[in-house]
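Under the numbering used here, the first residue of the sequence shown is numbered 1, with each subsequent residue one higher.
Since the hints were made in silico from the structure, they are not lab data.
Being a predicted model, the structure only gives us computed values, none of them experimental.
Where a beta carbon is used, it is the ideal one built from N, C-alpha and C, also for glycine.
Be aware that a few hints might be false.
Okay, the calculated beta carbon distance ranges per label pair [said to hold, decoys possible]:
hint, residue 1, residue 2, range
1, Asp161, Asp95, 19 to 27 Å
2, Pro144, Thr99, 25 to 33 Å
3, Arg37, Glu123, 55 to 63 Å
4, Pro144, Gln124, 16 to 24 Å
5, Arg197, Cys28, 33 to 41 Å
6, Ala34, Asp119, 38 to 46 Å
7, Cys28, Glu123, 38 to 46 Å
8, Gly70, Arg196, 15 to 23 Å
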Amino acid sequence: MTPYIRRSWRYLHQQTSATRSSQWCPVCQAVSRASERAPPDLHARPRLPVLHSYLAGEWVSTRCETRPLGLFLKRRLRFSAVDRTWRGEYRFFGDLACTAPLFTATVGGRYSGRGSELDFRMEQASLTVLDSAMAKSLRCGAEPWVSGVPRDLSRSHGCSDLGILIPSVEYETVRVDVDTLGSSLLLLGQPDTDNRRRGPEDRPTAYQPPLVQCRPQDADQDNALYPVHYAQVGPRPYASGAAPSSCVTLLLTLGIALVGTAQWMLNM
Numbered sequence: 001m002t003p004y005i006r007r008s009w010r011y012l013h014q015q016t017s018a019t020r021s022s023q024w025c026p027v028c029q030a031v032s033r034a035s036e037r038a039p040p041d042l043h044a045r046p047r048l049p050v051l052h053s054y055l056a057g058e059w060v061s062t063r064c065e066t067r068p069l070g071l072f073l074k075r076r077l078r079f080s081a082v083d084r085t086w087r088g089e090y091r092f093f094g095d096l097a098c099t100a101p102l103f104t105a106t107v108g109g110r111y112s113g114r115g116s117e118l119d120f121r122m123e124q125a126s127l128t129v130l131d132s133a134m135a136k137s138l139r140c141g142a143e144p145w146v147s148g149v150p151r152d153l154s155r156s157h158g159c160s161d162l163g164i165l166i167p168s169v170e171y172e173t174v175r176v177d178v179d180t181l182g183s184s185l186l187l188l189g190q191p192d193t194d195n196r197r198r199g200p201e202d203r204p205t206a207y208q209p210p211l212v213q214c215r216p217q218d219a220d221q222d223n224a225l226y227p228v229h230y231a232q233v234g235p236r237p238y239a240s241g242a243a244p245s246s247c248v249t250l251l252l253t254l255g256i257a258l259v260g261t262a263q264w265m266l267n268m
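Construct the entire structure; sequences and hints are all you get.
What follows is the structure in structure tokens.
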């Protein structure tokens, strides 16, 4: 990178927001109590092999994620080990709290590969624009866009304005972990900030924020993405009976954290 480019270049991707308190972060508490002579004892998360049986099920974002150009994202993916198909819902927002929706892209197809390297084929896609200003300026397809109305992108082979190409292949790096609560975590490769297409030998070397598993593989055969509340009520099987799904646990944890944060701010 030349000195001129260093002076003129600006970041396009924001970092993850920092927290003001370590109350709900065990790792943060361990680091804050540590010193140079007594470093923190951080245990590595257990890692599971990337098997189709572990990958199968439904996964959702644990928080609002950052994307280039001031966009924010919530992801929701579903995998079927029966026919090796996948389907993803990507909801983009214009604010850090993910409360101002801009558009939702739904893509799907088949996946293949082994180990930590998987190839995701994008064979069908639909787009729903949720912002009226974006609907007026978007140029994908011959017909004008209407806010809130989904449209199939197969005939237009995707949407070049948003970097969606149908058909195409995403060469991913995949990792499956287990958190301290025993919930399965799915990590996919970090996309390039310039939306550059990768080849089989140019896979990501960093991971996006983890997705938590809502439901493991069940009897559903259509691999459809049902409403979020449907994904959050199914119990997870445990050796000693049934316990609430990890997504319900996640929502309860976030709710408790918000209440604790509000009480802490009132006591300041």
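Evaluation of the provided hints:
| no. | hint | in the structure |
| --- | --- | --- |
| 1 | Asp161 / Asp95: 19 to 27 Å | holds, 21 Å |
| 2 | Pro144 / Thr99: 25 to 33 Å | holds, 27 Å |
| 3 | Arg37 / Glu123: 55 to 63 Å | holds, 57 Å |
| 4 | Pro144 / Gln124: 16 to 24 Å | holds, 22 Å |
| 5 | Arg197 / Cys28: 33 to 41 Å | holds, 37 Å |
| 6 | Ala34 / Asp119: 38 to 46 Å | holds, 42 Å |
| 7 | Cys28 / Glu123: 38 to 46 Å | holds, 42 Å |
| 8 | Gly70 / Arg196: 15 to 23 Å | holds, 19 Å |
Hint compliance for this structure: no hint is broken.
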